[in-house]
Amino acid sequence: MTQSAALEFESVTLAYAASAPPVARNVSLVAGPGKITAIVGPNGSGKSSLVRGVLGLMPQHSGRILAGANNLLSMSAREISQQISVMPQRESLAFPMKVRDYVALGRSPFLGLWSALSSRDVTIISGAMARAEVVAFADRSTDELSGGEWQRVRLARTLAQDTPILLLDEPTTFLDIAHEMSTFETLSNEARAGRTVVMVSHTLTLVARFADQMVLMHDGRVAAIGSPRDVMQASVLEAVYGWPLVVSHDPAVGAPTLVPLRRPG
Amino acid sequence: MNSAGRQPWVLWSVTVIALLILVVASLAIGAVPLAPMDTVNALLGHGDDTAVTIVRELRLPRVALAILVGAALGSSGAALQGTLRNALAEPYLLGVSGGSAVGAVIAMTLGVVSAAAVPLAAFAGAVVAVLLVLSLARAAGGARDARTLLMAGVIIGAFANAIILILLADQPPERSRSALWWMAGSLADGSWPRVSWMLIYLSLGLALLLSRARMLDVLSLGDESAAALGADVGGATRQVFLISALLAAASVAAAGLVGFVGLVVPNIARAFGITRHRPLILSSALSGAALLVLADLVARTVRAPVELPLGAITALIGVPVFLLRLRRTK
Chain A
90 MTQSAALEFE SVTLAYAASA PPVARNVSLV AGPGKITAIV GPNGSGKSSL
140 VRGVLGLMPQ HSGRILAGAN NLLSMSAREI SQQISVMPQR ESLAFPMKVR
190 DYVALGRSPF LGLWSALSSR DVTIISGAMA RAEVVAFADR STDELSGGEW
240 QRVRLARTLA QDTPILLLDE PTTFLDIAHE MSTFETLSNE ARAGRTVVMV
290 SHTLTLVARF ADQMVLMHDG RVAAIGSPRD VMQASVLEAV YGWPLVVSHD
340 PAVGAPTLVP LRRPG
Chain B
13 MNSAGRQPWV LWSVTVIALL ILVVASLAIG AVPLAPMDTV NALLGHGDDT
63 AVTIVRELRL PRVALAILVG AALGSSGAAL QGTLRNALAE PYLLGVSGGS
113 AVGAVIAMTL GVVSAAAVPL AAFAGAVVAV LLVLSLARAA GGARDARTLL
163 MAGVIIGAFA NAIILILLAD QPPERSRSAL WWMAGSLADG SWPRVSWMLI
213 YLSLGLALLL SRARMLDVLS LGDESAAALG ADVGGATRQV FLISALLAAA
263 SVAAAGLVGF VGLVVPNIAR AFGITRHRPL ILSSALSGAA LLVLADLVAR
313 TVRAPVELPL GAITALIGVP VFLLRLRRTK
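In order, the protein sequences belong to chains A and B.
For the first sequence, the numbering used here assigns the number 354 to the last residue and increments by one with no breaks.
For the second sequence, the numbering used here assigns the number 342 to the last residue and increments by one with no breaks.
Chain A with its partners taken away, still in its complex shape:
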């Protein structure tokens, strides 16, 4: 990693096409270095659109997305990938490959047409595999992995990009409790090392324990932004999710805990 950089959305509006209605409207947020920012919200609230917007896969109607001081619109895909590592929500390989070769693809934003991996690249790859805890299956083929293992291997590839900003779309889907917790711990360590960590997630209670900042999306807009205590308000969440729930404060961990209720009657 070269130096730290914030990921900033300034009044960003995104749509699938020029004529389509926007799926993210006027979104503003700053995800700072050394912090975990969690983007939460119901299905279809525009969370993944923000990720696709960073990848330049959504026409951007207005606003600016900045990595550090640089506007993504004026950067090539390769330049963006040297600043931001994105782990998309889903990924299926057309052809299986060895886990180590797959993780090594994380270095491709930094390699020329003919250049081979340098010893520095190899060090970065090994470090990423160790931090994502996938060293044990480095020599396996990607089609021999469980859903949870595959998710961690994808995290290793994302870490191998070694950029100041990490952007992960639901990195803990398919993971059991132990793997989910260890993924959050890994991301927490990455943030402590000075990286900007932004994650889209559905597991609000867990996110509330790890995130420094939460962004609650609703209908393409930011419905609430702030510390987990600010955002995890029953009244706010009930309105956004359209479901009755209570928020308690777990005495064991000291973080707000969300409990959805059964439908009354």
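FYI, nobody ran anything at the bench for these hints, they're computed from the structure.
There may be inaccurate statements among the hints.
Restraint ranges, calculated between C-beta atoms of paired labels, are given here [stated by the list, open to error]: (1) I33(B) to D232(A): 25 to 35 Å; (2) S204(A) to V52(B): 33 to 43 Å; (3) A128(B) to P110(A): 51 to 61 Å; (4) R179(A) to W21(B): 32 to 42 Å; (5) A225(A) to I29(B): 29 to 39 Å.
Backbone N, C-alpha and C define an ideal beta-carbon position, used for all residues, glycine too.
Assemble the complex: chain A is given as a structure, and chain B must be docked to it using the hints.
Chain B only, in chain A's frame:
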């Protein structure tokens, strides 16, 4: 699937040895059979003058052309499979070869016969075919869907065959080779000028493909992940299509429509654990060469002196592989 016997080095060594044996066998077997040692001596310019002439002037150009055409078809298939994320892709089934043949036939009916220029006309035909196949697939539901794309390719291929039959219906055979020659494929007119031009186009195409090998690794992850790794997905896909079309066009101009080589060899390489595209493309070129030398040897020996159509032999090998692979897709 990467079991003990299926290591990359096993495939590399088996292919190299098989290719050497097949080359010597192809040079030795024919109307005048030669002993293997006499063949090798004749190849090196020693021994009986007649044998030297038979081996170096009559048989070697044909074998060399088989090697080059097979390498072009194999590497082009490996690259197309990577960029389309589809193990069933190859230039013949995608209609690229058919388009190349139409381009070549049009050029030859207009009087262009040079071994340098015909591949360029074939390339133009290949590009038109690619554009038609992609827009047909898009209209039918998605250019990224494997089966839709293959269907569009087969349709355009059939259309190309129809055009060739019509264009050549009243052409004297000495002007532009027969429609059967184009559609069945043949290495019978292997000559040194043709070999030299094929070598030039193959070297160019192979070098360009190898320089894009890492891009192909990234593209095979899917559009979003490829974009996340800094790939310009649209641009990269177009580049790989154009380079593969060039390789297919050169092979069609030299040997007509020879299908399935590009389908078979990359799948064999992957079964032996070769998955990164740089070794995959190289291995597919090498195995493609060996496969085509073998197919040509079979074509001209099984019912000698009758020569069987080369494309029919490769189809006999390729169709079962296609069916096996189809069962494993989705």
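Structure-based check of each hint:
1. Between I33(B) and D232(A) the beta carbons are some 34 Å apart, a value that agrees with the proposed interval 25 to 35 Å.
2. About 41 Å separates the C-beta atoms of S204(A) and V52(B), a value consistent with the hinted range of 33 to 43 Å.
3. About 55 Å separates the C-beta atoms of A128(B) and P110(A), a value consistent with the hinted range of 51 to 61 Å.
4. Taken as a hint, the range 32 to 42 Å holds for the pair R179(A) and W21(B), whose Cβ atoms sit roughly 35 Å apart.
5. For A225(A) paired with I29(B), a C-beta distance near 37 Å keeps the hint of 29 to 39 Å intact.
Of the numbered hints listed earlier, not one is contradicted by the structure.
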